[in-house]
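Chemist: Spelled out, the chains give:
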Amino acid sequence: MNAILASVLRFVFVLGALCSLLPLNAGAAWWEFGRSDGEPSISSLRFNNVDAEQRDDLLVLTRDDLVGGLVNVRGKAEVRRGDIGLVEISLDSGKNWASAALGERGLFSYEFRPQLDREYTFQIRAISTTGTSTGPEEHDFKLLVTSADGGREARAVFQKLLDAYQREDRASFMQYVSDQFEGNFGALEDGLSKDFRFLDDIRIQTQIARINRQERIYEIYFTYNRQVRSAKTGALLKDSAASVVGLRLESGGMKLMRLSAPLIFGVSEAEDVATSVTGQSVGQQVLTIDASGNVAQASQGQTASASGSGSGTKVLAARGFNSFDSFDFDTDSTVAETGIPPVDGDIAWSGEPGMLWLRNGVAFKAITCPISSVQTLPTNGFSVGAQQIVGIAAGRCYALKLFSGKYAVIEMVSIVTSGGIGTGTLTFRYKYQPNGSPNF
Amino acid sequence: MKIQSIPVALLVLVTAPAYAAETDSTLRFYNRTEFLVQSVTGAGKAQSFYDPGSHLFHETDILATNGLGSSWNSLFNATVRYTDSRQYDPDNLSLQRIQWQISDAQTQINLGDYFAVFSPYAMTKGIKGVAFQRNFSNDQNYVRATYGSFDGQWSYLFRNSQNEPMDRFGGGFRLQQAGEDWRVGANLVQAADRFGDPNRRTLDAYRQILPAVDWEWRNGGWLVTGDHAYSDTKISRADGSQDNVSGSANRVAFRSSIRTFNFDGLVERVDPRFVTLGGGATPDRMRYMLRGDWRMSALWRFNGMTDYYYNNLDGQIATRTTVTSLDLGATRRRVFERKNSSLSVGVKTRGVKTQNDTTDARTDRLKLRYKDRYLDDVLDFSLGWEKTLQDERKGTAPGELASYLYDISLGMRANVSKNWLLRGNLDFGRMENQNPTTGSFDAMDTVRLALTAEGVAGTQFGASIDYGNNRLTIANASSRVDRYMLFWQTQPAWTGGGLLRAELADNNYQFDDSNKNFREHLLRLVLNWNLDVVPR
Chain D
1 MNAILASVLR FVFVLGALCS LLPLNAGAAW WEFGRSDGEP SISSLRFNNV DAEQRDDLLV
61 LTRDDLVGGL VNVRGKAEVR RGDIGLVEIS LDSGKNWASA ALGERGLFSY EFRPQLDREY
121 TFQIRAISTT GTSTGPEEHD FKLLVTSADG GREARAVFQK LLDAYQREDR ASFMQYVSDQ
181 FEGNFGALED GLSKDFRFLD DIRIQTQIAR INRQERIYEI YFTYNRQVRS AKTGALLKDS
241 AASVVGLRLE SGGMKLMRLS APLIFGVSEA EDVATSVTGQ SVGQQVLTID ASGNVAQASQ
301 GQTASASGSG SGTKVLAARG FNSFDSFDFD TDSTVAETGI PPVDGDIAWS GEPGMLWLRN
361 GVAFKAITCP ISSVQTLPTN GFSVGAQQIV GIAAGRCYAL KLFSGKYAVI EMVSIVTSGG
421 IGTGTLTFRY KYQPNGSPNF
Chain V
1 MKIQSIPVAL LVLVTAPAYA AETDSTLRFY NRTEFLVQSV TGAGKAQSFY DPGSHLFHET
61 DILATNGLGS SWNSLFNATV RYTDSRQYDP DNLSLQRIQW QISDAQTQIN LGDYFAVFSP
121 YAMTKGIKGV AFQRNFSNDQ NYVRATYGSF DGQWSYLFRN SQNEPMDRFG GGFRLQQAGE
181 DWRVGANLVQ AADRFGDPNR RTLDAYRQIL PAVDWEWRNG GWLVTGDHAY SDTKISRADG
241 SQDNVSGSAN RVAFRSSIRT FNFDGLVERV DPRFVTLGGG ATPDRMRYML RGDWRMSALW
301 RFNGMTDYYY NNLDGQIATR TTVTSLDLGA TRRRVFERKN SSLSVGVKTR GVKTQNDTTD
361 ARTDRLKLRY KDRYLDDVLD FSLGWEKTLQ DERKGTAPGE LASYLYDISL GMRANVSKNW
421 LLRGNLDFGR MENQNPTTGS FDAMDTVRLA LTAEGVAGTQ FGASIDYGNN RLTIANASSR
481 VDRYMLFWQT QPAWTGGGLL RAELADNNYQ FDDSNKNFRE HLLRLVLNWN LDVVPR
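If you're matching them up, the sequences are chains D and V in order. Just so we're aligned, residue 1 is where the first sequence starts under my numbering, counting upward by one. Just so we're aligned, residue 1 is where the second sequence starts under my numbering, counting upward by one.
Looking at chain D on its own, in the form it has when it is part of the complex (with noise of 0.2 Å):
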């Protein structure tokens, strides 16, 4: 709860260092500085049924906004003494203005039939029965109604976050990503970021399958191929799977709203970007980023992560003096390894026979064969700061707990040299717990 209080207070420091920042004006409500008791506002505004109040400085309709081709803005114009004598609007940016039919208590409508396309410079007006003005700084914007159905335009905006994505242009990425983003914004921002700091030369194609409305959100189910560069390393990585995005149509046009794994933006931050898993891709390989730039592949879990398999056997190769393999865990990948003790995998061989080497941060304990009849580990007991775990042999097990406190088993299969110490393969079979839980 601390965090929550220190995010609260720091919130308030900083509204009101914003605050103190304003002129304030002794006439106007709290809430309204700088405006004054007689000076109208327009409180309302809504085109058809989309709320103006949300926008920025561009309002996008579609053509299914529209009824019977007509754009109908009505809202509610108020002045704290007095009353509203007019309302006028403009479509193009003030030259000429019309009179929008005035009801009860500031309450206006305007209709209008818009041309398909064509950007209007939207301005609007109240006048009191004083003769005070909101001026029309007050709501002046663009207006476009766009041809295209809500369908097209889901597609048309998805195909943009797609080049901007590939252009690694997180600033033009952004400007479609919705302020209601379901998953943590701020960690899709950061796992842009991170995406581009360790990817290169991206390239995704995807295939649309379908798109689905439901009311204003446009989810579209896609299979796609990707290519990507390894920034660290210069290795070329591919996978491929199904995935679902949601757009959603605001007032400033169609948005990204939610994402769901396996991801195809905001990879590194895939736990708190997606909010859903494509069951579809469940078991598939995707690539996965971990938090030093590693990028491999993993098979994608239940949950949004793309998490190791949970079993699985693998195979560690020795090449020859330094040059060996090593496996990940947590990226359920193999990884070429240059030197003692590994540096990128947890686990490594360099072809020692009875040796298993360690990465700094990793502990073990041996356990009792064979680790399919493990349930759930102690969690005490591990050896901590050995580099290596000296007599391995075939059919002997040991629980490891990695650096990132998550555990896993493994099982030695058989241990195979050829040509000499430096040079074979070992096999083991393994269980890993991405939950970070000792129960397998």
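Calculated from the structure, these hints are not laboratory results.
Rough simulated footprint, nothing fancy, chain V against chain D, three-plus residues with beta-carbon under 8 Å:
(1) 174-188
(2) 194-205
(3) 210-221
Note that beta-carbon positions come from the ideal geometry of N, C-alpha and C, so glycine has one too.
With chain D held as given, fit chain V onto it using these hints.
Modeler: Using the frame of chain D, we list chain V on its own:
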């Protein structure tokens, strides 16, 4: 179980009445044809993403509607795809979608593809199967039932393909009642994997029952919604062991508009053992989120957001990870006395911390953006700057890393004659990322120039040039990608509302090591054409 005959039966059932009906009938074909010629040259051409050669891609949507007499209507929709490129689709010929719906004012019956919308936790999913909905008085009061396969591709139902996931089937019931300012839905969902499916490989198989209730209440400027679900799941592990897990998920969210204030927020708790096969939820999470927006005056607008969540709700895993985010921003319009200008300032901070001190990282971000319009809105200008500081106090690579983002965008939109609109964009971007290994900065520069001329009859000409430069200190290497693209597009009447487009692209990849260089030449011809067999 492989279902061989459903699509054929559907086609027979649907197309017959489509032709037989005398009135209110339409049969429309939407066709998208792409012809691609891809050539790759250079010593490093094996690294290209593209398959060299020429490829064809074609999709046809069939849409048939007709009255079935009395008040019943039929709607049939199918999409068929053909391609000779495995990069587009592993199957040459595939059925992407097939759905048939018959309905009257109160009843709807669906066969084939159906988007099952229950509550978000229970099911929001495209399925292939059957669905039925009966409205009581209007479409807000109904009972809905559905059952089918969760497979994403129809081909998975016909044959075993290499990439096919384990078979999963599911469905359920939803009963919704709604009044003028409220709505309540009761849901019951069942879903199960086919345990004996050879495509299961080493995956766990699930079988579950999930009851859920969702509700909504509106009053004045308030909208409050809730979703509550409980899952009882049997898991068959890959090693032969079995597990029964059950858990609940609860979420209450609100949105409010009060004069110049807009708020929204949510509180959510999802048990670690809550599993949803048809819906969406992040298990093992307690989350609080509050977001606000205040349009203080014509000139000032403020926004703020705090998002706080953590896992390890039942203490079963090694440590708890807590994420705290806080965003604050302000926008001032009409800065420098310029009518269309605005300046936005935003500060964001996001921290990730584990209870056992293996991770303690924070990202702080400061953003500035200035926007303006000139020459009677012909030109628009945007200037952005951002500094990000990643401070990893504990973890795999402790230390501080800075990154900077700069972007300048100049846009133009002008009517050059009565019939032509000219659009242009010139964008400069630079991203500097401090490298954790070297401490120095990796830099990425991009320049993009795009011009489009749009005619009133739908004809467009366009060209774009992208220049990108990437300098990576970690690999002590740099690379360049230059992309050029030309296109022409028109909408002749004979396409029935479709279009004809030709695109020529040239992508040139250059590296310090010239043995890696390659160049892609791409030609893409697109024809979208629609055909009405029975005119509307």
